[in-house]
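2 protein chains.
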Amino acid sequence: MKAITQKDLNDPTSLVLEDVADPVPGEGEILVKVHTAGVNRGDLLQARGHYPPPPGASEIIGMECSGTVVANDTGEGPAVGSEVGCLLAGGGYAELVAVPVGQTAPLPEGLSLAETGSIIEVACTAWSNLGMAAGLRPGTAEGKKVLVHGGSGGVGSFAVQMLHALGCEVAVTAGSAEKLEYCRELGASKLINYREQDFAEELKGWADVILDIMGAKYLKGNIRALAPDGQLVIIGMQGGTKAEINLAPLLPKRLSIHGTTLRARPVEGKAEIVADAVENVWPLIADGSITHRVHETFPLAEAAQAHAALDSGEVTGKLALRVTD
Amino acid sequence: MKAITQKDLNDPTSLVLEDVADPVPGEGEILVKVHTAGVNRGDLLQARGHYPPPPGASEIIGMECSGTVVANDTGEGPAVGSEVGCLLAGGGYAELVAVPVGQTAPLPEGLSLAETGSIIEVACTAWSNLGMAAGLRPGTAEGKKVLVHGGSGGVGSFAVQMLHALGCEVAVTAGSAEKLEYCRELGASKLINYREQDFAEELKGWADVILDIMGAKYLKGNIRALAPDGQLVIIGMQGGTKAEINLAPLLPKRLSIHGTTLRARPVEGKAEIVADAVENVWPLIADGSITHRVHETFPLAEAAQAHAALDSGEVTGKLALRVTD
Ligand SMILES: NC(=O)c1ccc[n+]([C@@H]2O[C@H](COP(=O)([O-])OP(=O)(O)OC[C@H]3O[C@@H](n4cnc5c(N)ncnc54)[C@H](OP(=O)(O)O)[C@@H]3O)[C@@H](O)[C@H]2O)c1
Ligand SMILES: NC(=O)c1ccc[n+]([C@@H]2O[C@H](COP(=O)([O-])OP(=O)(O)OC[C@H]3O[C@@H](n4cnc5c(N)ncnc54)[C@H](OP(=O)(O)O)[C@@H]3O)[C@@H](O)[C@H]2O)c1
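Chains as they are written, first to last, in the working numbering: chain A, 2 to 326; chain B, 2 to 326.
Where hints are given, some of them may not hold.
It does not matter which identical chain is used: a pair holds within one copy or between any two.
[As the list claims (entries may be wrong)] Here are the simulated lysine-lysine pairs, DSS-like style, with alpha carbons at most 30 Å apart:
| id | residue 1 | residue 2 |
| --- | --- | --- |
| 1 | Lys145 | Lys205 |
| 2 | Lys254 | Lys221 |
| 3 | Lys205 | Lys221 |
| 4 | Lys205 | Lys243 |
Simulated from the structure, these hints should not be mistaken for laboratory data.
The following block holds chain A by itself, in its conformation from the complex (with noise of 0.2 Å):
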């Protein structure tokens, strides 16, 4: 099969499309024909050599797709013929992949292949972390205070989203006018400009749950920013990882910090997630709550266009690799 690798590991951009052997399902595993591979953050942090795949998973990039079921000899799950999306764990940038069955999911009602194939690790994400870590599910989460930073990006537009549908309050940061007008229609009501704000000044006290991608950067002021009680969830460290704390206010607050990474979870984690995700977060694209934007679609031979589009931060939304038709 093609696939995207890597030619120089000291260079991100060289990332060229070559012929490799095909993948060879594992126990538990189908293997998907992939129609479209999502571009995430995670994707350019591995081409840097930050954030290698784990141990037994593939070494081609990707961390998600949507294709065509072309095998399953697992017993269970979708059948020969069926269109999935699907989280991996790594080789979505590639015409073939072996997914474990349980990290598989029917496209969400009212989405084409292509556009699942960006969606699958946002909602995940955003539903692992929100939904089953801090608790805001239906019935729970109606008027809690959520601060999600990096509102316009990938995992933060899907999340502003999401929450709304689900009644929180929502406030974001961002870094212009326009990412915070455009979080604003995602149902933001809280908008904080980053580069001229300082988002802990602007909410002290405030937060029932921050989504916090910036680490170390943030740390102090994330924990300002909380309510009693309040949950700061922690799934990047954009901002680095080496911070000082001060313990003292985490007491009388009772307040939690929570790190997560949705890759380094065991199958059958990544299987009650994508479960409980279909359950919970699929019927709220179906009915148009969450809307997925597609930001740009690249030829899979222009991984490092894209990856180069992404690092600019010009993007609002997902970017995705066309792989077959």
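Take the given structure of chain A and dock chain B with the ligands to it, following the hints.
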């Protein structure tokens, strides 16, 4: 009534028995004649000016007691004449105390008024953090690995027995071979002398849950000692409040850090904790799984001596003050 007051706020030993005005029960509160008041480390902190009572609470020291109901106009809860244990925001070192009705509990089966006076604070602390926050409950706790720092202390010795009764594997730290032997008798199976061993090195990646009382000093070691999905619950900061934190291990291991205090919780939260502890923990006291060791009981007038005894570090079990007969 007679109560302990602190004559000189700069001298934590200036605790004297004096006549003060009787407390007047507020909305939803009942009046209790105190039999025995428990002595807690928080009381020592309060006498040093480090742990002020929450707004609206009595300035008198004392976070728990046992006694007899002498007035109840709330229309619910225990009748006048009933013997109860009380979780207090303050006011225990006195002949009378006003307490929200939801913060009273029946005496655990088999325990006297004298014993009940020093069990509720540790029981509610252990249960709210381990049972409620960390989810170590009947049915879910079995086989979980839990590290209790200061396993022979007031909270620690209760927690070790409770966790053992729930089927957990328990590790402890303590400062001497005798104290570790006491922890073994209570049900701990991994014994770590913190003066001679590095607990993080002994336990690296072992603990599903850690109950911490050291704060900053142990933060790095606690993170290292946690297993994937591990939870660190910090309830004390005997080792300071400010630390360096490396967030990097939190994400792939999906760790969480949670701070709590019992005393600062709203009245409803405390009532919920007391009720849940009575339901889940009182039976473990009744059936002998948890025994309550009162190290020594001082007359109320000797509160300063009781504080000095707790401060000496020579105590194994709880200290109490006998208030009335
Ligand atoms: N742990 C997990 O399981 C997991 C899963 C998926 C993603 N992630 C992480 O989540 C983050 C977002 O991923 P993505 O795919 O959504 O990437 P993305 O679309 O490239 O979004 C990056 C976001 O970061 C925002 N940002 C940059 N500097 C900021 C600052 N100082 N304050 C606030 N926001 C700032 C950007 O906002 P502007 O565009 O307005 O500057 C943008 O919204 C990445 O760090 C990624 O690694 C983690
Ligand atoms: N947040 C809350 O709601 C809450 C409620 C109750 C208590 N607390 C806190 O919990 C802590 C314990 O309270 P307590 O009433 O049980 O006090 P305690 O009976 O005086 O116990 C103090 C404990 O600290 C241990 N310790 C001292 N230095 C240590 C070290 N370097 N490593 C490990 N353990 C060490 C002692 O062990 P050795 O005797 O072996 O030296 C002892 O077991 C206090 O900090 C208290 O403020 C918090």
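- At 30 Å max between alpha carbons, let me know whether Lys205 reaches Lys221 within a copy, between copies, both or neither. Close inside one copy (11 Å) and across copies (27 Å); limit 30 Å.
- Item | Within, between, both or neither, where Lys205 and Lys243 count as close if Cα-Cα is 30 Å or less | Cα proximity of Lys205 and Lys243: in one copy and across copies (23 Å, 20 Å).
- Task: Can you give me the call for Lys254 and Lys221, within, between, both or neither, at a CA distance of at most 30 Å?
- Result: both (14 Å within a copy, 22 Å between copies)
- Within, between, both or neither, where Lys145 and Lys205 count as close if Cα-Cα is 30 Å or less: Only inside one copy: Lys145 and Lys205 sit 15 Å apart there, 37 Å across copies, limit 30 Å.
Every hint from the earlier list agrees with this structure, and none is contradicted.
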